[in-house]
Amino acid sequence: METWRLVDLEYRDDPFMNMSVEEAIPRAVGEGKAPNTVRFWHNSNTIVLGCFQSAPLEVNFDACKETGTTVVRRFTGGGAVYHDAGNLNYAISLRKGHPLVPDMDLQLVFQRLSEGAVEGLRGLGVNAEFQPINDIQVEGKKVSGAAGSIRWGTVFHHGCVLVASDLSILGRVLNVPQVKLADRHVASVQKRVTTIRDELGKDVTTRNVRDGMVRGIESSYNVRLEEGTLTKTELSTANELYDTKYSKSAWNLEK
Amino acid sequence: MTTKVETNGDRNSAMTNGGRTLLSADYKAPGGKLLRVRLRETGGRIESAKISGDFFLIPEDSLAKLEMMLEDVPLKEEELKLLVDRFFRGTGAQGLGVTSDDFVKAILAAKPGESGF
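Protein chains in written order, with the numbering used here: chain A, 1 to 255; chain B, 1 to 117.
To be clear, the hints were calculated from the coordinates, so they are not data collected in a lab.
Mixed in with the good hints, there may be bad ones.
[To be verified] Listed next, with one range per pair, are the computed distances between beta-carbon atoms:
#1 Glu47(B) - Glu31(A): 36 to 44 angstroms
#2 Pro132(A) - Gly19(B): 38 to 46 angstroms
#3 Gln107(A) - Asp61(B): 19 to 27 angstroms
[To be verified] Heads up, simulated DSBU-like pairs for lysine-lysine below, C-alpha to C-alpha not over 30 angstroms straight-line:
#4 Lys142(A) - Lys255(A)
#5 Lys65(B) - Lys248(A)
#6 Lys202(A) - Lys141(A)
#7 Lys65(B) - Lys76(B)
#8 Lys245(A) - Lys50(B)
#9 Lys255(A) - Lys81(B)
#10 Lys96(A) - Lys65(B)
#11 Lys248(A) - Lys50(B)
#12 Lys33(A) - Lys96(A)
#13 Lys33(A) - Lys232(A)
#14 Lys255(A) - Lys65(B)
#15 Lys50(B) - Lys65(A)
#16 Lys255(A) - Lys76(B)
#17 Lys245(A) - Lys65(B)
#18 Lys50(B) - Lys255(A)
All C-beta atoms in this analysis are idealised placements derived from N, C-alpha and C, irrespective of residue type, glycine included.
With the hints as constraints, model all of the structure from the sequences given.
Written as structure tokens, this is what we have:
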């Protein structure tokens with residue numbers, strides 16, 4: 001049975017460092033300097049923009065100020081998400097050519113690499129299913145969104161799971177364009193998303209969900225996750241990315 | 001789940017200043033993602049283009065190349081189609097939630113009179 005590295009490294013109060021680590025891992029995996037890896041992590045109040053999104057169009061900066069929300073841009077496409085301590089992030093980095101994701105079709109990557117999360121959530125009693133293009137839904141409501149890329153010799157997939165997030169802040173800090181709401185026939189962000197806590201109708205921690213997803217990933221892909229740490233190379237790459245990219249407003253805000 | 005909505009120009013706007021027009025449009029690809037286009041247009045040609053949105057495109061840095069290729073191109077369907085197709089063929093870029101056709105429609109949606117404003 002194949003073994004993947006399991007990393008729980010996070011910087012809850014430093015979303016810029018979290019994002020630097022997020023990029024450092026797939027870079028190292030693709031170069032053969034780190035094993036295939038699953039990472040779980042949290043951010044405190046943060047908007048994470050997709051790499052193609054315009055910050056002024058997507059972000060309500062006044063609401064960010066009032067709620068103490070930081071804005072950071074990720075290196076993958078897709079839409080803006082709101083992270084808080086009730087939101088669990090996961091990332092999977094597999095060396096390009098891995099038999100789980102043999103072809104380079106991004107839609108298939110999202111589908112295949114969401115299966116572990118879906119199975120993990122089902123194990124917790126949530127009726128989760130993958131919804132193309134990049135969502136996991138429960139009874140028609142989004143509970144998780146994913147993004148990813150094939151880059152640096154790595155197939156990379158990451159997503160966030162709304163476990164017990166404050167959806168009222170989510171609705172305030174992001175501007176949702178009218179055309180998007182019209183297309184989905186729903187009135188607001190809050191009505192088309194849900195949390196694991198609300199679906200289960202009981203208190204559940206992000207740790208419970210992380211443990212469930214570890215089991216889901218292990219059984220879906222027939223792998224064993226072994227706890228590990230970042231290599232020195234990864235840490236120095238992360239520090240460099242922090243200094244040159246993720247702590248800079250030129251990267252985060254100027255598009 | 002998916003609805004057929006062709007052009008959705010609720011944010012479309014145009015501002016003219018000394019022969020140069022600033023145009024913008026939001027275009028939601030049917031069953032796909034959102035493309036937000038901002039253009040500077042002079043004499044029927046694109047002077048510069050900025051495309052943003054929640055779509056996927058790999059390699060990611062190819063978007064800047066598309067924006068560059070759009071400079072000085074007539075704001076006309078046939079020309080834009082040829083150019084966007086050439087971009088995808090030439091770069092081998094892969095879109096998800098957006099097609100080559102969606103990029104063309106999104107750019108055209110910014111053109112005054114194209115989406116009923």
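Now the hints, each set against the structure:
1. Between Glu47(B) and Glu31(A) the C-beta distance comes to about 41 angstroms, which sits within the given range of 36 to 44 angstroms.
2. Restraint check, Pro132(A) to Gly19(B): a C-beta distance of roughly 45 angstroms satisfies the suggested window 38 to 46 angstroms.
3. Between Gln107(A) and Asp61(B) the Cβ separation comes to about 21 angstroms, which falls inside the hinted range of 19 to 27 angstroms.
4. Taking the CA atoms of Lys142(A) and Lys255(A), the gap is near 27 angstroms; set against the 30 angstroms cutoff, the hint holds.
5. With a C-alpha separation of about 23 angstroms, the suggested pairing of Lys65(B) with Lys248(A) holds against the 30 angstroms cut-off.
6. For a cut-off of 30 angstroms, the pair hint linking Lys202(A) to Lys141(A) stands: about 18 angstroms separates their Cα positions.
7. Of the supplied pair hints, the one linking Lys65(B) and Lys76(B) holds, its CA atoms being roughly 19 angstroms apart against a limit of 30 angstroms.
8. About 21 angstroms separates the Cα atoms of Lys245(A) and Lys50(B), which keeps this hinted pair within 30 angstroms; it holds.
9. With a CA separation close to 25 angstroms, the supplied pair Lys255(A) and Lys81(B) stays within the 30 angstroms bound.
10. Restraint check: the Cα-Cα separation between Lys96(A) and Lys65(B) comes to about 25 angstroms, which is no more than 30 angstroms; the hinted pair holds.
11. With a C-alpha separation of about 21 angstroms, the suggested pair Lys248(A) and Lys50(B) falls inside the 30 angstroms cut-off, and the hint holds.
12. For the given pair, Lys33(A) sits about 13 angstroms from Lys96(A) by alpha-carbon distance, which is consistent with the 30 angstroms threshold.
13. For the hint pairing Lys33(A) with Lys232(A), the CA-to-CA distance comes to about 10 angstroms; that is within 30 angstroms, so the pair holds.
14. Between Lys255(A) and Lys65(B) the alpha-carbon distance is near 15 angstroms, which keeps this suggested pair within the 30 angstroms criterion.
15. In summary, the hint linking Lys50(B) to Lys65(A) is supported, as the alpha carbons are separated by about 27 angstroms, within the 30 angstroms threshold.
16. For the hint pairing Lys255(A) with Lys76(B), the CA-to-CA distance comes to about 26 angstroms; that is within 30 angstroms, so the pair holds.
17. As the CA atoms of Lys245(A) and Lys65(B) are separated by approximately 20 angstroms, the hinted pair is consistent with the 30 angstroms bound.
18. For the suggested pair Lys50(B) and Lys255(A), the alpha carbons sit about 9 angstroms apart, so the restraint of at most 30 angstroms is met.
In this structure, none of the earlier numbered hints is contradicted; all agree with it.
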